Amino acid sequence: MESTNFVLKFLEWLMSFEPKALILSASAIGAGFAMIAGIGPGIGQGYAAGKGAEAVSRNPKSQRETTMVMLLGAAVAETSGILALVVALIMLFGNPLVDLKGAALIIMASAIGAGLSMIAGIGPGVGQGYAAGKGTEAVGKRPKLQSQIVRTMLVGQAVAQTTGIYALVISLVLLFANPLIKL
Amino acid sequence: MEPITGKALVLACSAIGAGLAMIAGIGPGIGQGYAAGKGAEGVGRQPEAQGDIVRTMLLGAAVAETTGIYGLVIALILLFANPLVKLL
Amino acid sequence: MEPITGKALVLACSAIGAGLAMIAGIGPGIGQGYAAGKGAEGVGRQPEAQGDIVRTMLLGAAVAETTGIYGLVIALILLFANPLVKLL
Amino acid sequence: MEPITGKALVLACSAIGAGLAMIAGIGPGIGQGYAAGKGAEGVGRQPEAQGDIVRTMLLGAAVAETTGIYGLVIALILLFANPLVKLL
Amino acid sequence: MEPITGKALVLACSAIGAGLAMIAGIGPGIGQGYAAGKGAEGVGRQPEAQGDIVRTMLLGAAVAETTGIYGLVIALILLFANPLVKLL
Amino acid sequence: MEPITGKALVLACSAIGAGLAMIAGIGPGIGQGYAAGKGAEGVGRQPEAQGDIVRTMLLGAAVAETTGIYGLVIALILLFANPLVKLL
Amino acid sequence: MEPITGKALVLACSAIGAGLAMIAGIGPGIGQGYAAGKGAEGVGRQPEAQGDIVRTMLLGAAVAETTGIYGLVIALILLFANPLVKLL
Amino acid sequence: MEPITGKALVLACSAIGAGLAMIAGIGPGIGQGYAAGKGAEGVGRQPEAQGDIVRTMLLGAAVAETTGIYGLVIALILLFANPLVKLL
Amino acid sequence: MEPITGKALVLACSAIGAGLAMIAGIGPGIGQGYAAGKGAEGVGRQPEAQGDIVRTMLLGAAVAETTGIYGLVIALILLFANPLVKLL
Amino acid sequence: MEPITGKALVLACSAIGAGLAMIAGIGPGIGQGYAAGKGAEGVGRQPEAQGDIVRTMLLGAAVAETTGIYGLVIALILLFANPLVKLL
Ligand code: NA
Ligand code: NA
Ligand code: NA
Ligand code: NA
Ligand code: NA
Ligand code: NA
Ligand code: NA
Ligand code: NA
Ligand code: NA
Ligand code: NA
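Protein chains in written order, with UniProt numbering: chain E, 1 to 183; chain Z, 1 to 88; chain X, 1 to 88; chain A, 1 to 88; chain H, 1 to 88; chain L, 1 to 88; chain D, 1 to 88; chain G, 1 to 88; chain Y, 1 to 88; chain V, 1 to 88.
Hints are computed from structural coordinates only; laboratory data are not their basis. Please note: incorrect hints may appear among the correct ones.
In silico BS3-like pairs for lysine-lysine, Cα to Cα no more than 27 Å straight-line [stated by the list, open to error]:
1) E:20 with E:101
2) G:86 with D:86
3) H:86 with A:86
4) E:101 with E:9
Sample of chain G residues with no beta-carbon within 10 Å of chain L, all distances over it, derived [claimed, not checked]:
5) 45
6) 49
7) 51
If you want the footprint, here are the derived chain L segments under chain H, 3+ residues with CB under 8 Å [unchecked claim]:
8) 3-17
9) 23-36
10) 44-54
11) 61-70
12) 77-88
Only a predicted model underlies this, so the values are computations on that prediction, with no experimental measurement involved. Note that CB positions come from ideal geometry on N, CA and C, so glycine has one too.
Isolated chain E, as found in the complex (with noise of 0.2 Å):
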């Protein structure tokens, strides 16, 4: 008998395609979702690179300085871009869902759980790429004091990483070591 619950409707149209078909749909959806992340390194690193300009203006003598502290305050804000792109491109590559046995509705809505989680790496992207300005500004000022300027900015960089780590872990989790099929 065909439903006539527009619910049930849809979600009896989501299960006539095969498992496989549905899993990839969602990976396509949560590859673009986890890039959504870029949004982080690409507001900080351009903070870092302001502040760069800005203190080779300031103090050209130190441009030596202070590049280097922007390329490495960047390169560590750059993490959260790198960490969704390895997410999005096992999605799509190496996608692990698709072999694993179990409901396919809940197997497709872990790759968009997956891509959903790692958006939160905005937030360390533009924090350290902040820190990367702050570091470099600070550096141009003082460059005899680089060592301790660019020991509290990785310091505070560290701090500001972890929910991006918790947001891989999540995604890992959901496709990796999936708890939910198994209930």
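On the provided structure of chain E, position chains Z, X, A, H, L, D, G, Y and V with the ligands as indicated by the hints.
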């Protein structure tokens, strides 16, 4: 055609809910990064106060972490101790 | 075959609602991080006022935490004391 | 077998609506955190004006809380006094 | 078996619409918090102008509240005086 | 048995559209709050220019309100003078 | 029984599209509010330049309004002169 | 009975796509408003350079407008010269 | 009766994808507006360096435009040279 | 009647995924615009250091571009070398 059970629907939406909860992590990431920048700036200005500056920065950053932890806890509950499926 | 019940739909959407509620945590994370940065800056400049600065920072951060807590409470209600399924 | 009823759909969407309403909490979190940072800075600079600074900070933060409370109230109405299911 | 009626769909989507409308509250929360911070800063610097500063801060904050109120009003209309179900 | 009609679908999506339109209110809330903060700061620094400062702040805030009003108008049209259902 | 037609689907999604288009209004709201704050600050500092400051602020704000107007125009087209239903 | 055709689905999603494209307008609104504020500030400080300041502000604002125009163009294409329905 | 084909589904989702891609335009809009403001400020302060300032502003703004162009290109591909329907 | 195949669903969702991935472009747009503004400011301050300033600005902007490129690459893969449909 594989039939959909209510349990599968709840668990599927739990996966999405867990992903959404993690988005909270944007906040601490931005905020603590701001603190890191201000800390680095401060150490550059008053190197003699480095201890106090870093300690205040870390204390403030710890406070800023909490809502990211809340998001993580809700996600872990949804994934590993899902109370919703028990209600079915 | 066990069909999807109304209860399952409510519980499934409760999982999504709980995840959405946690997004509020972005705010306190950014705000308290700003406070942490300003606190670290202030302590570097006026080490003698460290007590007052840190106390004001923590008081303000406590105020900024509330909406994150509200989000957490709504999420916990949806997960552990779901009032909606009782209405079915 | 209890199929998905209209009531179930309304309640399910109420859970999502409640979650969405909490997102408003981002605002007060950021704003009050900014106030906390400015308050800490001010107290460090003018310790003699601490009372006035903290009082103004808290007054402004109370004003900034309102839209977070509005979101909470709408969520609580959706969860505990749902007026929509009564219309069915 | 009782299918989902059109009325139920409208009411369900009204719950989501009400939640979405509350998101507007992010704005006043951030803006008024900024005003609170600037007010606290100003009071610390010019304690003698406290009255003028706080009055200007509150006047500006009242203006900044309006769009949060608009969101609340639309949400309340959707929940308590839903004009859409009357059109069915 | 009364199934979901096209009219019901249009009205349901109008509720969501109305909620989405209100999100525009984030902008004026932030912007006017910034103006409030700058106004309070200015009044503290140049109390003798209070009239000019507050007038400029309010003029600018009025300009910043418009897009929030646009959102409100679209929401009210969707709720109270829905032109889409007339096309069915 | 009148099922959902293609026309109804297009009109329903037009309501959502109109709501989404209004979200553009966040931008002018924030930007013009910033201009308002800077204008108020400038008028406080250089009252003799008030005319020039306010004129520049309003000129810049007019430029910043355009994308909010674009959003409003698209929403009004979707609601009152929907070109999509004519293609059915 | 006229069921939903593929054409209707494409047109319906085009309405949503058009609405989404307009969201780009947030950017120019914020950016040009910032330029307006800086222009007003500059004119207050260096009234003798008003011509240069306003010209630079408008040139920069014109550059900042482009992505808002891109969004508008894509929306207009989706609404008035939809290339997707021609592929059906 | 012509049901929804796979081609129609791909084209419909392409319309949504095109709209989503345009959202990237928020970034260049904000960034270039910031550059416009800083350029106007700089020209007011150092009118003799106007050429250098404006040239640097435009060079930087050109760099900031790229991701907005990427979004536009992806949208245009989805609308006018859709490679996905060819795979069906 | 030709039903929607799994391949069509994967391609349809790939279009949405490609659009979502482009949203990453918000970041580089904002960041590089900030760099452009700071570069223009710096060049105004020390025109004699223009070469160094612009080179640093461009180097930093190149670093800030990467995540926008990542998003573009993922979108291009989804559109032109879709690895997902090969798995079907
Ligand atoms: Na952290
Ligand atoms: Na916290
Ligand atoms: Na609070
Ligand atoms: Na408020
Ligand atoms: Na307002
Ligand atoms: Na306006
Ligand atoms: Na504009
Ligand atoms: Na542009
Ligand atoms: Na770029
Ligand atoms: Na990068």
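Here is what the structure says about each hint:
no.	hint	in the structure
1	E:20 with E:101	holds, 11 Å
2	G:86 with D:86	holds, 14 Å
3	H:86 with A:86	holds, 14 Å
4	E:101 with E:9	holds, 24 Å
5	45	holds, 15 Å
6	49	holds, 21 Å
7	51	holds, 22 Å
8	3-17	holds (count 13)
9	23-36	holds (count 14)
10	44-54	holds (count 6)
11	61-70	holds (count 3)
12	77-88	holds (count 4)
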